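Asker: With the hints as constraints, model all of the structure from the sequences given.
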Amino acid sequence: MALGTDEIGRFAGFLKEHEAALVESWSHRVADGLRGRLSQTELNRQIEELFRALSEALDGGAGTVEDPNAAELRAVLSELSRSRARQGFTSTETAVSVFALKDALLAAMDARQADAGTLRDFIAFSALIDELGLFTFASYAAAREELIADQAEELLELATPVVKLWEGVVAVPLVGTLDSARAQVVMERLLDALVTTGSPYAIIDITGVPAVDTQVAQHLLKTVVAARLMGADCIISGIRPQIAQTIVALGIEFGDIATKASLADALRHVLRLSGVDTRRNGRKDG
Amino acid sequence: MNAEPQRLTVASDQDVVRVRQLVRTVAVAVKLSLVDQTKLVTAASELARNTLVYGGGGTVEVDRVDNGRRAGIRIAFVDSGPGIADVNLALTDGYTTGGGLGLGLSGARRLVDEFDIDTEPGRGTSITVTKWCR
Ligand SMILES: Nc1ncnc2c1ncn2[C@@H]1O[C@H](COP(=O)(O)OP(=O)(O)OP(=O)(O)O)[C@@H](O)[C@H]1O
Ligand SMILES: [Mg+2]
Numbered sequence: 001m002a003l004g005t006d007e008i009g010r011f012a013g014f015l016k017e018h019e020a021a022l023v024e025s026w027s028h029r030v031a032d033g034l035r036g037r038l039s040q041t042e043l044n045r046q047i048e049e050l051f052r053a054l055s056e057a058l059d060g061g062a063g064t065v066e067d068p069n070a071a072e073l074r075a076v077l078s079e080l081s082r083s084r085a086r087q088g089f090t091s092t093e094t095a096v097s098v099f100a101l102k103d104a105l106l107a108a109m110d111a112r113q114a115d116a117g118t119l120r121d122f123i124a125f126s127a128l129i130d131e132l133g134l135f136t137f138a139s140y141a142a143a144r145e146e147l148i149a150d151q152a153e154e155l156l157e158l159a160t161p162v163v164k165l166w167e168g169v170v171a172v173p174l175v176g177t178l179d180s181a182r183a184q185v186v187m188e189r190l191l192d193a194l195v196t197t198g199s200p201y202a203i204i205d206i207t208g209v210p211a212v213d214t215q216v217a218q219h220l221l222k223t224v225v226a227a228r229l230m231g232a233d234c235i236i237s238g239i240r241p242q243i244a245q246t247i248v249a250l251g252i253e254f255g256d257i258a259t260k261a262s263l264a265d266a267l268r269h270v271l272r273l274s275g276v277d278t279r280r281n282g283r284k285d286g
Numbered sequence: 001m002n003a004e005p006q007r008l009t010v011a012s013d014q015d016v017v018r019v020r021q022l023v024r025t026v027a028v029a030v031k032l033s034l035v036d037q038t039k040l041v042t043a044a045s046e047l048a049r050n051t052l053v054y055g056g057g058g059t060v061e062v063d064r065v066d067n068g069r070r071a072g073i074r075i076a077f078v079d080s081g082p083g084i085a086d087v088n089l090a091l092t093d094g095y096t097t098g099g100g101l102g103l104g105l106s107g108a109r110r111l112v113d114e115f116d117i118d119t120e121p122g123r124g125t126s127i128t129v130t131k132w133c134r
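Chains as they are written, first to last, in full-length UniProt numbering: chain A, 1 to 286; chain B, 1 to 134.
These aren't lab readings, by the way, just hints derived from the structure by calculation. Possibly wrong hints are sitting among the right ones.
[Stated by the list, open to error] Across the chosen pairs, the derived CB separations fall in these ranges:
no.: 1; chain 1: A; residue 1: 229; chain 2: B; residue 2: 7; range: 43 to 49 Å
no.: 2; chain 1: A; residue 1: 264; chain 2: B; residue 2: 56; range: 41 to 47 Å
no.: 3; chain 1: A; residue 1: 274; chain 2: B; residue 2: 9; range: 47 to 53 Å
Note that the structure is predicted; figures quoted are calculated from it, not measured. From the three backbone atoms N, C-alpha and C, an ideal C-beta is built for every residue, glycine too.
Answerer: Put into structure tokens, the structure is as follows:
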């Protein structure tokens, strides 16, 4: 609900009149919530900046957080959320930085002596502060998502090494969730490695994949087909018993794709195919 | 035993990952066997992705249940998307309108103990599954 013009004026006036006391008690309350994990100077600077942006928005006639005259205020709130998210504060701790202004206002109004008009104003001002708090909450969430996406991208690069296991055999051990983006990276890396090493065999090890659903299966099948088109044979290894049972119940069929319980089994399998003797005593099979 | 049901919004791929993680945590807490944990997590993954892809997003609610003899988990997937006109067809192995394997819905039903589907074209789809401890 937007504040009326009169209310905006009274809010702006109240802030001006009680500026020093409000900033002081607002910072104090926020500091309590954050329990010393942010320096007092840093905190004071943030609260002063917020206070100034709020006053300017009200002076510009903004009665809602979406008002064009509240653009600067929104920018300050977003920046606050972003820095809190980066510093590892929770969304609640971040939103409290805004909501604490309500307590500060109430204290400054001296609730015991306040008349009905003052209390009505408090309720109206509170509604605007709630909006600001919710806006902060939303920007915090967006900032966290961004952070997580950045980290996920870094992990993506790190978590998909393609290793040459043996002459003619490359392997890619998958760890974690195989979503579409990840599957794409895996496929590209694997095909790349097949070309640069000239390997006729590839092993995809899924020991580290917690669940194989239809999406993961489809990505695996596509990767195997692509490798085949390049003349390489693919083996899927690391299928643990619980995964095997789940795959069967889901109804996924791997067709003629070779699957092995462990990476070692898979390596033994391709070495046998390529004629290398893997028995200790060195005698040939057969 | 009556812990609060936990609710997640499903609006992105990351949310589907969150659903899997939550289901895994609760499955461990009610002491499902490793095989049953994996089956339930996989079923939840399928249904949550359908909620996202076909239902246009929705919610997932994970609940611990107890029928007096056994403990278990109940999960509800709710969307207000286009609904499913022919449920039997959608539950046929290999039927897909999205270029998938067409095994998500039918496979999920085989992975759980109870499977209820309530859907109507234009109103949305609500699927509830339960897995009991053995
Ligand atoms: N929540 C839903 N809302 C509307 N339609 C749905 C919903 N869930 C499934 N469907 C329909 O049922 C079909 C079958 O679903 P199913 O999960 O079995 O296969 P898929 O998602 O197409 O492929 P897969 O899950 O194997 O990757 C879908 O293609 C879609 O048309
Ligand atoms: Mg599906």
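Asker: Could you tell me which of the numbered hints above are not met by this structure, giving the numbers in increasing order?
Answerer: Violated hints: none; all satisfied.
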